[in-house]
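Please model the entire structure based on the sequences and the hints provided.
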Amino acid sequence: MLYEHSVDALDKIKDAKLVKAVYVYEAPLRLWHWVNALAIVVLAITGWFIGSPTPTMQGEASDNFLFGYIRFAHFAAGYVLGIFWLVRIYWALVGNEHSIQIFVIPVWSKHWWSEVLWELRWYLFLERVPKKYIGHNPMAQLAMFMMFTVGMFIMLFTGFALYGEGLGEGSWADRLFGWVISLAGGNSLQVHNWHHLGMWLIVTFVIVHVYAAIREDIMSRQSMISTMISGWRMFKD
Amino acid sequence: MAYETQGFNVDNSGKRVVVDPVCRIEGHMRVEVNLDSNNVIRNAVSTGTMWRGIEVILKGRDPRDAWAFAERLCGVCTGTHALTSIRAVENALGITIPENANSIRNIMQLNLEIHDHLVHFYHLHALDWVDVISALKADPKATSALQQSVSPSWPLSSPGYFRDLQNRLKKFVESGQLGPFMNGYWGNPAYLLPPEANLMAVAHYLEALDFQKEIVKIHTIFGGKNPHPNWLVGGVPCAINLHDTGAVGAINMERLNMAEKIINDTITFMDQVYIPDIVAIGSFYKGWLYGGGLSGSSVLAYGDFPDKANDYSPSNLMLPRGAIINGNLNEIHPVDHADPEQIQEFVDHAWYKYPDETKGLHPWDGITEPNYVLGPNTKGTRTNIQELDESGKYSWIKAPRWRGNAMEVGPLARWVVGYAGGHAEIKGSTDKLLKDLGGVPLQAIFSTLGRTAARALEGQWSGYKQKYFFDKLVANCKAGDQSTANVEKWDPKTWPKEAKGYGFTEAPRGALGHWIRVRDGKIENYQMVVPTTWNGSPRDPKGQIGAFEASLMNTPVAKADEPLEILRTIHSFDPCLACSTH
Amino acid sequence: MIETFYDVLRRQGITRRSFLKFCSLTATSLGLGSAAVPKIVNAMESKPRTPVLWLHGLECTCCSESFIRSAHPLSKDVVLSMISLDYDDTLMAAAGHQAEAIFDEIVNKYRGQYILAVEGNPPLNEDGMFCIHAGRPFVEKLREVAKDAKAIISWGSCASWGCVQAAKPNPTRATPVHKVITDKPIIKVPGCPPIAEVMTGVITYMLTFDRLPELDRQGRPKMFYGQRIHDKCYRRPHFDAGQFVEQWDDEGARKGYCLYKVGCKGPTTYNACSTTRWNEGVSFPIASGHGCIGCSEDGFWDKGSFYDRVTDIKQFGIESNADKVGGTVAAVAGAAVAAHAAVSALTRARGKQDVKDQAGGN
Ligand code: HEM
Ligand code: HEM
Ligand code: NFV
Ligand code: SF4
Ligand code: SF4
Ligand code: F3S
Ligand SMILES: [Mg+2]
Chain A
1 MLYEHSVDAL DKIKDAKLVK AVYVYEAPLR LWHWVNALAI VVLAITGWFI GSPTPTMQGE
61 ASDNFLFGYI RFAHFAAGYV LGIFWLVRIY WALVGNEHSI QIFVIPVWSK HWWSEVLWEL
121 RWYLFLERVP KKYIGHNPMA QLAMFMMFTV GMFIMLFTGF ALYGEGLGEG SWADRLFGWV
181 ISLAGGNSLQ VHNWHHLGMW LIVTFVIVHV YAAIREDIMS RQSMISTMIS GWRMFKD
Chain B
1001 MAYETQGFNV DNSGKRVVVD PVCRIEGHMR VEVNLDSNNV IRNAVSTGTM WRGIEVILKG
1061 RDPRDAWAFA ERLCGVCTGT HALTSIRAVE NALGITIPEN ANSIRNIMQL NLEIHDHLVH
1121 FYHLHALDWV DVISALKADP KATSALQQSV SPSWPLSSPG YFRDLQNRLK KFVESGQLGP
1181 FMNGYWGNPA YLLPPEANLM AVAHYLEALD FQKEIVKIHT IFGGKNPHPN WLVGGVPCAI
1241 NLHDTGAVGA INMERLNMAE KIINDTITFM DQVYIPDIVA IGSFYKGWLY GGGLSGSSVL
1301 AYGDFPDKAN DYSPSNLMLP RGAIINGNLN EIHPVDHADP EQIQEFVDHA WYKYPDETKG
1361 LHPWDGITEP NYVLGPNTKG TRTNIQELDE SGKYSWIKAP RWRGNAMEVG PLARWVVGYA
1421 GGHAEIKGST DKLLKDLGGV PLQAIFSTLG RTAARALEGQ WSGYKQKYFF DKLVANCKAG
1481 DQSTANVEKW DPKTWPKEAK GYGFTEAPRG ALGHWIRVRD GKIENYQMVV PTTWNGSPRD
1541 PKGQIGAFEA SLMNTPVAKA DEPLEILRTI HSFDPCLACS TH
Chain C
2001 MIETFYDVLR RQGITRRSFL KFCSLTATSL GLGSAAVPKI VNAMESKPRT PVLWLHGLEC
2061 TCCSESFIRS AHPLSKDVVL SMISLDYDDT LMAAAGHQAE AIFDEIVNKY RGQYILAVEG
2121 NPPLNEDGMF CIHAGRPFVE KLREVAKDAK AIISWGSCAS WGCVQAAKPN PTRATPVHKV
2181 ITDKPIIKVP GCPPIAEVMT GVITYMLTFD RLPELDRQGR PKMFYGQRIH DKCYRRPHFD
2241 AGQFVEQWDD EGARKGYCLY KVGCKGPTTY NACSTTRWNE GVSFPIASGH GCIGCSEDGF
2301 WDKGSFYDRV TDIKQFGIES NADKVGGTVA AVAGAAVAAH AAVSALTRAR GKQDVKDQAG
2361 GN
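Residue numbers (the working numbering), protein chains in the order written: chain A, 1 to 237; chain B, 1001 to 1582; chain C, 2001 to 2362.
Calculated directly from the structure, the hints in this document are not laboratory data.
Values in this document were obtained by computation on a predicted structure and should not be read as measured data.
We treat Cβ as the ideally placed atom computed from N, Cα and C, and that holds for glycine.
Wrong hints could be hidden among the right ones.
[Stated by the list, open to error] Label pairs and their calculated CB-CB ranges:
id, chain 1, residue 1, chain 2, residue 2, range
1, C, 2184, A, 210, 55 to 65 Å
2, A, 167, B, 1153, 25 to 35 Å
3, B, 1384, C, 2105, 20 to 30 Å
[What the hints assert, rightly or not] Chain C is faced by these chain A residues, among others (derived, beta-carbon under 8 Å):
id, residue
4, 51
5, 65
6, 122
7, 125
8, 186
9, 207
10, 219
Right, dumping it as structure tokens:
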């Protein structure tokens, strides 16, 4: 069902020329997007400092709590990220057909793959006229799934597994996510490693994503950035 | 088949006796001997029966991490491999250490020397001399008198004390659950102590068990724990802070006081318990002078305990360096760890592979490649060995040689080299002991008993040297130097692309060396030649036997089915098999 | 008939009064209230003195060494009065045949009642002959003795996880006990070595309460391995404050700042060091200036340098850590994006030109 839904989203392409504006991203999804973006920025910055702390603070330990604050910000943003991710998953089930796109890849659809290839050609400057999509273009969809969706699960699972260690044995996070540490071989140092690598995966995604969004906005003659603000995709010809 | 080697006539025609496992040692070991018709040992085969491959495992790792792996070669001589390792790395990379680090390292190494010797004597070796069951027959009053005569100042000496102890022992034995004393060789005619001496020794077995856990607290203070304290390339990890705010987070006055107390208590225990016990037990066994093996002919010492930091030349070492061969005590050969012709390891009788097994390899070029094959005359199967074939490969221990000679190492070797070289403290303590034993001739030290006595003397010596370096540490701090680490070359970027070096210590069981090659910041080759590798060595291409094997030769065994004499002599080396094969 | 623990104590000349004192000390040291004392008294009076067979595989004997350091209870009291240590290569009087005979005797007499304590681990390569016991592979002996044991204690990181001999490339295939013996309750007491009082604490717990300690997900007694070094580390305020030792023997080191930046593995290590401490509470690694190397954790030997905060990732080449790998990927992505943007701008400019040209052409 979900799967067909995501193929449907792709099918709308044909109609693109006939319309000037489509309502793509519903409000909850837009809200999620910007909250998510903010949380990730906070997480990446604080996470970086957790891995490589700032130079030593002067004065008494009791007068300082810098590292504590950094970690607190990380965990708070982690909660935000996690809770909004749950909301986002819910929305994928009840929202419009675009909302499921980043979760499901129509791997069995030849047509979809041919569209991926076409988009690849476009990004390699082999096509001169861009196609127009209402939701994500298939390449973007693929990239989002591989780097963002998978990345989010990695970060949340490893993040909360590590968080569970601090909360302690038997805590909710330990009970829900403690298995991640066992999966990593039992030594949570390995989980730190995955979590740390995951950060770079997400950072890489963000770099490419932000670039692609701006570029498409300019080059593919359809709105992008404003779409994620207003929800409406405008087609310029 | 019979042949001559190193002054022994090796003949494996007689009755074969197998001891496996050899217990009360570290690790896994097997001994096989042939007895002639008079139950005298005419052939001896010693086998290291474990291998872990730490040399293989160290390849490719960060040289600064190597100590932690090397240290875990052995939890009994804990720390000595770590120290040897950081010395090897520092030697390769040209890293110097602060004076305080030198003092602390020496204190820790001496502390190991003391602890290891004490535990070895009382808990691993004593049962070869002491008949626990016979202690039940002792008269506590007579035991008390004996105790007071051998050690007048030691407080635990009243008749009541020994009576209580004897009662505890009696009830323990009567329970029928003998625990570690089960199936011992009690009543064997090779036990020579009277019941009173046995009871006194049992008391000290327990006293030493309680006390040994105090000794190691020195490691805990400076290294954070024992066994397996922490070390650092470039110095020691514990910072010193004696005057400032925050001193409670470092080595401070309270820590020093604790260390000093332990050091003083240790000296007392050595002087008032360990040495008197050696004299007491020795005086009953001084007629049993078997087990000399190679000690009177071929001994090797590397020397240790640099007085000033960073100078490892013999003149700066408090224990002597040198090699004696062919029994010529008048000539002490210099030892050079870097000379490819001096220290070499052979594997033609060991379960390893070399491209050419007729030749030995210097450790810098050493190869460790396991190759488990049994000789053609082995009895049993590959996984169920009845009798080994010593004409083939038969041990996980390599065969190290110094200029082609099999050597004995250890406290006795150090004492022989020191005595021959006129080392005042060594000579003085040895002569005193010989006198206290009632005028035993010097020759008597080349024996099982001599090995056991040298260990005790060295333990005592180490106690005083611990104090020496403690005072030195305090004096240096007083002079204003609190530094403990040199971090100039901590970063691998400061290292040469290629380097090689070696480190050595006098480990409790003898001369220990690690050789390292570093390339691109990683370990390219790491080889260790360990005391028990020397002593437990199998044969070499010339058929020369190792120190364990030599020591068993020509010893009469009272009861062929009770290997008491074999254990006694083998134990006198304090074998460590985890070390030997690594 | 096996004697009760109390019988043994009485027989050793220990009075009822000091026996009761012992029980209440046990209760305190286990963190139990005075209400638990009668329970312990009762348990001790009616419980047999348990035989223990202590085997050694590939190891370094530091676990035994640690065990004899126990201060409460003293190791001599454990060995003489609490358990019956009937087999232990390192301490026993017998050797060879006489030692081997003990196995048969104890296994037959106390079938299902003895505890098997294992220090070290069995190697599986070379048919097990990297560790030979009485001419045969150690692993065979282990299997035989495990068969009729009541429970197994895996002492130390060797028996629990493999330890340094299992480090890459693990030439002997040293294998932790639970991967060889799968049908017995196994209590892992990791650490290289474990703390002495933790070792004797686990044993006395089993004797006192006649049950196995509660274990965590990985099979370690929760009472000693339930929290990380970091959770109870006395340097934690410096961690939270952001005060770190930056380099050995710097000002931070002399003031006892947090060792996180010089590689402390306390945040990922479960052990009792920061609370129980070592050698009668004298110190523990961090208190003596060196970071925790994680010696009680599975795989501590293969997680990169002991001095790095962000550890190595072996799959990416020996020197890589997460920041190097990830940073490179991100940088490449950034560079690609920049290049792509430049080309995009060009094509676009050319595209506009084309459109203009076309328009002009019309
Ligand atoms: C941490 C930073 C960010 C993350 C993790 C992120 C993630 C995402 C994700 C997952 C989507 C897909 C939404 C969906 O279909 O469910 C998305 C869409 C989008 N994002 Fe972001 N975003 C980030 C920052 C930004 C920024 C800074 C911009 C603007 C410059 C932006 C512009 C867009 C646009 C335009 C879309 C819609 C793309 C389309 O329709 O194909 N994003 N973003
Ligand atoms: C995109 C999302 C996230 C990023 C980029 C991120 C990044 C990081 C980084 C780089 C570290 C340091 C890892 C190390 O070297 O040890 C870290 C640590 C950590 N993160 Fe995250 N993180 C994310 C999400 C989360 C979430 C959702 C949680 C859940 C609460 C979380 C909890 C933690 C915890 C508990 C630590 C360890 C803190 C410590 O050891 O003191 N993270 N994170
Ligand atoms: N042989 C040996 Fe060791 C010593 N002493 C090390 O170097 O015991 Ni384990
Ligand atoms: S766990 Fe560590 S201390 Fe114990 S035997 Fe193994 S290497 Fe030694
Ligand atoms: S020293 Fe180690 S265990 Fe202690 S607070 Fe710092 S990181 Fe944590
Ligand atoms: S190294 Fe080991 S001894 Fe404790 S502090 Fe860390 S677990
Ligand atoms: Mg070697």
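Problem set entry | Hint check, failures only | 2 and 6
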